[in-house]
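Kindly produce the complete structure, drawing on both the sequences and the hints.
One line per chain: the protein sequences are V and R, in this order. Going by the working numbering, the first sequence opens with residue 1, and the numbers climb by one from there. Going by the working numbering, the second sequence opens with residue 287, and the numbers climb by one from there.
Wrong hints could be hidden among the right ones.
Said to hold, decoys possible - Output of the computed footprint for chain R on chain V, the stretches with three or more beta carbons under 8 Å from beta carbons of chain R: (1) 62-76; (2) 215-222; (3) 265-276.
Unchecked claim - According to the in silico footprint, chain V covers these stretches of chain R (three or more CB under 8 Å from chain V): (4) 389-403; (5) 408-417; (6) 523-532.
Claimed, not checked - Some chain R residues flagged as far from chain V (calculated, every beta-carbon gap over 12 Å): (7) 319; (8) 375; (9) 378; (10) 447; (11) 470.
I should point out that these hints are in silico values taken from the structure, not numbers from a laboratory. All residues carry an ideal CB built from backbone N, CA and C; glycine is no exception.
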Amino acid sequence: MRELLTYLVNGLAVGCGFALIASGLVAVHRVTGVVNFAQGMFAVVAGLSASWLLGAGLPHGVSEVAAVLIATATGLLTGLLAIGKRGTTPQSSLIITLGVGVLAYAVEIFVWGDQPRSFPGLPGSLTLAGVGIQWQHLLVVATTVVTFLLLTAFFGRTYLGKAFSACASNPYAARVIGIDVTKMGLLAFALGGLLGGVAGVLVTPLRPVSFDTDVTLIVNGFAAAVFGALTRPGLALVGALLLGVAESLAAGYGYAAYQTELALGLMLIIMVVQSARRATVLEEAV
Amino acid sequence: MTGGARMKRPLPGLAVGAVTLALPAVLDDSALSVYIFLGLAAMVTVGVSLLMGYAGQVSLGQGAFYAVGGYTAGILAVHGGPPVLGLLAAPVVAAVFAAVIGVPLLRLRGHHLAFATLATQLILLSLAGQLEFTGGDIGLQGIPRFGIGPFELGDAASYAYLTWAGVAVVMLVTRNVIDSRPGRALRALATSETAAASSGVPVGRYKLVVFALSAAFAGLAGGIYAFYVGYVAPGSFPVLLSIEYIVMAVVGGLGTVWGAVVGAAAITLLVQALNVVGTAPGMPSYAPSVLSYAVYALVLIVVVLFLPHGLLPAVTGRRAARRPRDAGAGR
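This is the structure in structure tokens:
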């Protein structure tokens with residue numbers, strides 16, 4: 001029973017990391033219709049930068065914030081390449097973000113080397129009902145909850161958030177009423193970088209990252225995001241938590257080797273079931 | 287378009303063929319291995335180009351079919367099966383595998399399909415790393431040389447001939463598919479599945495057939511790879527491999543048979559040249575990987591942004607623009 005609780009808490013923390021990646025995917029996809037393959041890379045960049053800055057002697061807090069800002073700037077640059085040129089279709093943009101992800105490999109190896117890096121998170125743990133919970137896990141969960149509340153408020157209550165949604169539902173109409181769709185798209189990419197960066201600095205103390213960790217992160221993040229059909233952050237959060245807990249339970253009860261199969265299999269099933277409920281005509285019309 | 291152009295002007299095709307046949311005789315062993323890998327990449331890329339350019343489907347998991355082919359040939363050969371059987375089984379098993387997973391997966395399109403195929407490759411690699419009969423993470427070692435009866439392929443030159451014979455078969459099959467009635471139907475469904483379906487194109491069946499065909503090409507290449515290199519392991523088929531094929535297909539020009547070969551050749555030679563630069567004395571140890579990642583990425587981004595139809599059509603584009611778009615329309 002105590003084991004089960006430990007696995008649950010672990011799974012929730014890991015799931016929150018996926019949820020943050022997924023929220024970045026959702027933010028970019030909502031506004032631009034592009035699936036940003038470089039989303040996992042933002043987290044890797046933030047994790048590597050944070051460990052590098054800490055190693056250079058900057059205090060905790062400053063390093064993490066700086067790392068998130070670096071990831072945000074990376075997001076903006078990715079956006080410039082992916083949607084900056086007029087007339088780039090979402091499918092071309094996906095391939096460009098794929099290229100950006102590979103380009104980042106070169107930069108990351110050049111700057112930080114090809115070995116995994118990590119840094120210490122919050123030390124110590126809290127004992128609750130006989131179960132030890134690491135503070136870092138709680139920090140991840142708390143930050144994710146706050147981030148999702150802020151995102152919901154942003155999309156629902158602010159002018160910019162509503163402009164984002166307008167671009168998503170009808171870019172032409174958005175342009176007609178004076179919204180700069182490309183600028184909104186770029187801001188969405190920056191937001192994606194920010195969210196990916198937050199995920200990166202939170203998750204790196206739990207699982208070391210190296211330049212090619214981004215594939216695991218993006219695939220799990222995408223799996224969570226498809227749960228919310230790539231447009232609804234709330235459902236993506238639910239999907240991410242389910243995924244994290246399922247993986248953690250599988251690992252805990254001796255099926256650690258089959259974590260990947262489990263997560264990806266789940267994603268495939270969800271996608272196929274969803275596609276069966278959508279008509280081709282509607283999808284092509286968008 | 288390419289088919290028509292080639293029929294009207296057989297000379298360039300013949301010249302390319304003659305050079306292809308002459309090269310193995312003059313190249314040394316290290317150059318031959320580049321030549322063989324170039325051919326293998328070209329085989330897979332023709333399939334990717336067909337799938338992306340004609341059927342409009344993005345597969346980020348083409349490396350998975352390459353792996354299926356490699357493991358099929360490897361397992362059969364290690365257990366004493368005749369190598370010919372292994373080489374024939376490689377494309378067949380890859381195609382059957384693609385057809386089986388294609389039934390659910392091809393309901394997806396666009397980025398969903400891209401991620402689904404990527405996921406397939408990750409699942410497959412993870413399974414290959416754990417299962418007993420695939421040799422786990424170490425992989426299959428000591429795959430015997432390819433041979434027919436008593437005749438055994440020992441030197442690299444004979445593998446080069448085998449590889450390029452494979453490329454020729456793949457190109458021929460692709461050209462015939464493109465020029466046929468189903469080929470036109472494929473082009474229609476790439477533009478709009480709804481419109482194609484309402485004109486009577488069996489959309490689902492055709493997509494599945496092209497998917498299986500491109501998998502068969504990759505499987506054949508994987509089979510030759512297994513015999514040439516002598517071992518296969520999960521590490522031989524990284525996700526980056528699938529991305530490389532996309533880069534090659536996009537660079538060459540999607541939906542062009544010759545373009546796929548040109549793209550594979552351009553990228554393979556470029557990366558090889560950079561490898562020479564990167565391993566030159568005085569360069570840091572990370573130079574080769576940094577250079578090759580950077581080049582893949584930059585070439586992909588630049589081509590998608592500025593030469594959306596690829597390198598080959600960009601070079602020959604002016605001529606193609608004056609010709610009617612569809613050379614096979616009369617049939």
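Right, here's what the structure says about each hint:
Only residues whose beta carbon comes within less than 8 Å of a beta carbon in chain R count, and the segment 62-76 of chain V has 0; fewer than three means the coverage is violated. Beta-carbon proximity to chain R at under 8 Å applies to 3 residues in the segment 215-222 of chain V; the threshold of 3 is reached and the given coverage holds. Under the rule that three or more residues need a Cβ within less than 8 Å of chain R, the assignment of the segment 265-276 of chain V holds, with 7 such residues. Beta-carbon proximity to chain V at under 8 Å applies to 11 residues in the segment 389-403 of chain R; the threshold of 3 is reached and the given coverage holds.
Judged by the Cβ-Cβ criterion of 8 Å, the segment 408-417 of chain R is covered by chain V as claimed, because 5 of its residues qualify and three suffice. Here's how the segment 523-532 of chain R fares: 4 of its residues keep a CB closer than 8 Å to some CB of chain V, so the rule of at least three is met and the hint holds. Every CB of chain V is more than 12 Å from the CB of residue 319 of chain R (nearest about 24 Å), matching its label as outside the interface. The Cβ of residue 375 of chain R sits about 25 Å from the closest Cβ of chain V, beyond the 12 Å cut-off, so the non-interface label holds.
Every Cβ of chain V is farther than 12 Å from the Cβ of residue 378 of chain R; the closest lies at roughly 24 Å, confirming the non-interface assignment. Residue 447 of chain R, annotated as away from the interface, keeps every beta carbon of chain V farther than 12 Å; the closest lies near 33 Å. At the 12 Å boundary, the C-beta of residue 470 of chain R stays outside the reach of chain V, the nearest C-beta of that chain being 19 Å off.
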